[in-house]
Amino acid sequence: MNPLDILYGAAGAWLAAAVAGLLAGSWRPGLRACCGLSALAGAAAAAAGGWSLVYGNTPVVAPGPATIAGGPLQLQMTSLAGVFVALLGIVAVALALYVPRYHEPSRGTGVYLAACNLALLACLAVLAAGGMVTFLVAWETMSLACYLIILRHPRSGETARGAFWFLALSEIGFLLIVAAFVILSAKTHATELDMMAARGHLVPGGWRAAAYLLALAGFGFKAGLVPLHVWLPEAHPVAPADGSAFLSGVVVKLGAYGIVLFAFRLVPVAGPWPGLVTMGAGAASAAIGILYALAERDIKRFLAYSTIENTGIIVTAFGAAMVFRAYHQLALSAFLLIAGLYHVANHGCYKTLLFLEAGVVEHATGTRDMDRLGGLVHRLPRSAVIAFVGTLGIAALPPLNGFVSEWLIFQGLFQGFRTGSHLTAILIVLAAATLGLTGGLAIYAFVRGFGIPFLGMPRTRQAAAARETGQPVAGPALLAVACVALAVGAPVMLAALSRTARTVTGTSLGPLLLPGKLTVIPAHADFSAFSPTYLTIFLVAACAVPVLVYLAGRPRAGSVSVPVWDGGMVSFRPRMQYSAMTFSAPTRVTFDALYRPSVSVRRASDDDPAGRSGPVHYEAQVTPVFERYLYRPVVRAVEWLADVIRPLQSGDVNLYLLYVFLVILLAYLLGAV
Amino acid sequence: MPLWFARGLRRGVVTTRYPARPDESAAWLPTPPAFRSRQLTRDVADRMVAVCPATALRRRDDTLIFDVGACTACGRCAETAPDAVAPSGEFELAATARSALIKEIPIRGGGR
Amino acid sequence: MTPTHLPIPASLSRAAATSEQLVERLNALGGLEVRDGGATRGTVTVRTLGETLEAATHVVAGAPGARLADMFAGGSGPTGSGVSPGDRVSPRASRAADNGGDAPTLRLVWALESGYLLTETEIHGDRYPALSDIAPAAFVEECEIYEQFGIRPATGKPLNRLMLPPHAGPDFPRMRHRPARPPEEVHAPHTVGGQAFEFPFGPVRQVGVESLYYGLVTSGEEVVDVYLFTWHKHRGLEWRLRGTTPREGLFFAERAEGLSAVAVGWAVAAAAEAALGSTPPPAAARTRAVALELERLYNHAAAMAALCQATGLTVGQSAAEIALERLLRVNAASFGHRYLFGVIEPGGASRAPDAEVLRRDLPAAYGELRRAADALLSTNSFVDRLEACGILTAEQARRLGLVGPVARATGMATDSRLNAGGPPDGNPYAGHLVTAVTADGGDALARFQVMLGEAAESVRLIGEFLDAGTEAKSAPLPPGGGRGLGWAESSRGEVLAWVALDQDGRITRARLRPGSVRNWRGFDDACRSQNVFTDIPIIEASFWLTAAGLAR
Amino acid sequence: MNPGRDEAEAARRLRDTISTQFGRSLHIRTLDTGSCAVCEQEIRLLTAPHYDLHRLGFFFTPAPRHADLLLVTGPMIRAFDVAARKTYEAMPGPKVVVATGACALGGVYPKDPFVHGNAGEVLPVDVWIPGCPPSPLALLHGLGVAVGRLAEMTPGLTFIADSAAGGGEA
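Protein chains in written order, with the numbering used here: chain A, 1 to 673; chain B, 1001 to 1112; chain C, 2001 to 2552; chain D, 3001 to 3170.
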């Protein structure tokens, strides 16, 4: 028995759930059954993933006569994939708990849930693929299923646009990945991943680099590396909340999985620069992602940009791990790999949580615009607490899990001096500095992301009317528990991940952990150490101190409580609160060159300076630099090309006969040569 | 800043010693009127009541009721009856009870 | 700083021509120059028709040098239909009189190069042409006229809330009782949309300043717009003045804007005198002028102290306050009141300055001011904060009808002391060289420099007036009724007053327009001119306005 | 005017009261309820070098939360009720209200739909300072009276909220 055996069960359950969804249509019990099956599958996958962390890699199997795209279906469960499978399982369970309350059964719900389960299954297949063809087929299936998920409400133009961005960029990425696989396969004469890895030394240096860069770009489209990220802020807002949670929580992570797969398993070392390129791309994505997040008012777009930032952090860690490996700092390399994988798990949990809560907010208020929300903490108290846990996590504030993984990444990057190369050391430190900036901005962004919708006074009537009854709580709550567990249980998690790192890199990080003392040491004992568990306990205890002080020093005499001093105004109004955009105005001013904001002010007095101060309206639109200056020319070129070749398709039979003739002629000529 | 420091030193102290010592600038302040009971007649009192813009004056029989609190020291009563009114010179008028500011002045100048 | 010398005789002849030409053009539009008892004395009065009001406004607004100084409505018709001889109205009854039946008369006061031109139009119905589209300066008054009389511009553009408190019901006293429409229909919705928010400030603000509410609409860094509320200072002074005699009314008028007590008092007294065709004795007029210049002087010192406070320069503030206190003591020693209340009375002046005290103490007190100012101008941290802060252009000043140092700092040489309209005897400035000090920066520094230049002028003028002789003397007001326009130049700019007196010499309608009313409108624009939060106290100090004057 | 010796004695007592009871710092918040801006000017001059209020241990504070004394000017405009009450309520006890100037004492404006005409209509006034405007010297004297009143209100200086309410019936 090995983890794969459990995964067969999970896959079967997901397949059954997909079929159940298709059959159920909008019949509520049927949909519930579908969700139940999905949850079951998720639990199984989580168990299998966790187990494979400990178990190590299984051999490649080709179960029975099953074939896929003309080749054998090759499956394998690796320890590396185990991390992702476990995350996939937890997310699947949370989604299954969330969906029945979120989706009111209606036309298309069944198909949507079928697509969701198919996508989960495809993700599992990607992770469990032991061969190239299996991997590629699963990957493409996943993309198409995700396309269907995004298209849940296809009537709106925005949805179609978002889904199209996703599909178009996915397909370009897919082609690049195919190319990368074809190069490796051709040079190693293998299709099994294990075999490819074993014969990696056969690949010449130039081809190695080409294959890796193709894979980096191909997976970068999925992972959302800048400038390949544009589908995220387009597709996430239009998908249903659980769909966007799945996209950000799992699908984007598979991009990171692909990069690790190529970087550490399939393509052998080709000097330090592939690592440096990866690290640079990651750092740039992190900084640009969070800066764009700060300019967003739509909660889901905001979260999508934050996803770009987080995958940037993850990819930076992986890139730095590659660099250290190239300089034979194997311990540090393994350490950064662990840190990156840890961040994968963390981000999968809290970003899924936050997207689910964004869905709750949208459901309760009918809007995703932060400037139309406010005061939700009083109206959605449980959701607010859960979202707060997620926010602490994603803002990388202790004692939550985001802090642990980011701290580990920083500790790894700070040891860049151990590479021995000054230039590399400087570049690594630069990456660390960029991540430092990103971390600071992330706290700022999430103070805003939580504070504006949840705190203060409701800015609109809809926000004031929000109610929590009927809103899904269990799913996000599960993820909040997972976040806390990932923080408190960090030493255990790290112990498990260090096994993964050993199977991937072959390096054992013996003294990394002192599980008895619950302390973590980043690769080298002379650098630093910390204990997330003790930190959590200490911080929680520290919170008690002011309470105790207050209780001890409470005035004995009676006290009077009066409202906040407001300058004698009649009353505070919601318009007197910081809005989302004014809160981030300092960054907008500082990073003016990136945002290139176009400001439009409308005062009632604009037609004449007569001091008429009626309703005031102020907008600062951020220029979408990448869309406008990178993609729009490409799109224009494609359109131009289409125009040029349109005459070929005239619809005239004689012309087509001429084409056939010319082709045959060409074939003969080539054959003759 | 050194410029200002030097200026301050050269300027010296201008601060009043009040309330420890009287301040000479108080002599120029407008102050509420003091009424000469003997020069007041009902007629004079009525004329003063009529011109008082602050409604600080009232007459009740043979008593002129003067509300120091309402008085703006405009001096119109003194213009009306220069013999009966003189500035009191009193500026330390603050009181803890509003009623303490209402004075009753007997009209003693004959009851024509 | 470029002093512009405008010798009065020259401008007199030029302006007279302008005024005549305008009257001719207005007559062509069906206007009628009024010369009889129905006219407003102290100015040229033209009666225009409701149908041609818009065209007439275009004509005058387009004339070079014409500036809309005021616009107001009155309950009584232009021929004095509200006043009939022998119809004795008790003050209280007159105050509470419901004039709702009368067609209100709209009066526009235009300041020409010399003299004022007043047009009056009877408005039937509750709409009149939107004059603020022609002369943007009229906007404040459009709001006020709506609140007080219930008539509004025809375009239906939203109006601002000015004096009526939000909770004012239909029986809240107004100049003309008329049930209020739901205000949200008429008043501009007070909202902030998009990505800005309103930074609330007030009404209870710093220590020792007036209550005033600012809503600073900001995008986080820049000031996008300013909402200004002063309705919680509205004391209904124009309403109070009805049914009073000019002498009684003056008591309240002085308290409309206590820091311009002399200027407002003078304007009201001059209006009453003009209405009744009397002139104050020249020596009494010079007394008024001495008081007015003293008032301007201490206000400039107070503005200087406020500027220092706003820029955080405490030593400078102390130096300015020493000068201010000494000037106030000079006031008290010479006129018997630190703020010169009660100096003006209709027909003349009730108190004469102690010339000896003035000659002895004023130069020393002014020297204090001058030295403090010199030190301030050589303090970079102070000057740098003022420079390019709250910039207004001459074009803005002209469109918004700004007055006083604010307008003069943009290069406009407007000063009502140069205005030689009205009876020459009553104008103590005739025959003296009056200099309109101007600057051309339009910023806080320019305003400060204008104030300093004017302070020097004031001291010189006081000396000249004292040499010419001053006296506390009044020419008793003749009996009868009439209408008159009066004006005076306060430290904040031109103060206008218009009164209509019935046959008993009681006020049936009084209009007070302190300089603050005009200049607060420029405050919005000055705040918006790419300023940050911390500049706003500086702008406020450099304008040196009062909320009391705006809300009255 | 009283003889100089009494003055000196009074001043000494004032200083003692302020320094012992209020730690040398009695904080004043001003409240304009519709004044003509002149009372405000006189209040501002209290901190000017000629009067230098700080030498007596008085300070101005913009926050009513820190204030012990409320200096009210103006005839208490009805539209300003809410702000006046809020300011008063925002002050911690013990607190005194000082009505300043003829307007606040009911001198200039009669009670009508615009104004209450008297600060006492809305706030529990403890000390009344006449004058139009009260000169800085009169204000100094009035503040001295207010300190005496405050000291009366707080025998033994127990900072109990009820004592503020107790002082509020004047």
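Incorrect hints may appear among the rest.
Here are some chain C residues pointing at chain D (derived, C-beta under 10 angstroms) [stated by the list, open to error]: (1) 2123; (2) 2150; (3) 2176; (4) 2231; (5) 2251; (6) 2393; (7) 2394; (8) 2430; (9) 2432; (10) 2459.
None of these hints come from the bench; they were simulated from the model. Values in this document were obtained by computation on a predicted structure and should not be read as measured data. Note that beta-carbon positions come from the ideal geometry of N, C-alpha and C, so glycine has one too.
Here is how each hint holds up against the structure:
no., hint, in the structure
1, 2123, "26 angstroms, violated"
2, 2150, "17 angstroms, violated"
3, 2176, "15 angstroms, violated"
4, 2231, "6 angstroms, holds"
5, 2251, "8 angstroms, holds"
6, 2393, "28 angstroms, violated"
7, 2394, "28 angstroms, violated"
8, 2430, "30 angstroms, violated"
9, 2432, "28 angstroms, violated"
10, 2459, "21 angstroms, violated"
Violation of the numbered hints given earlier is confined to hints 1, 2, 3, 6, 7, 8, 9 and 10; the remaining hints are satisfied by the structure.
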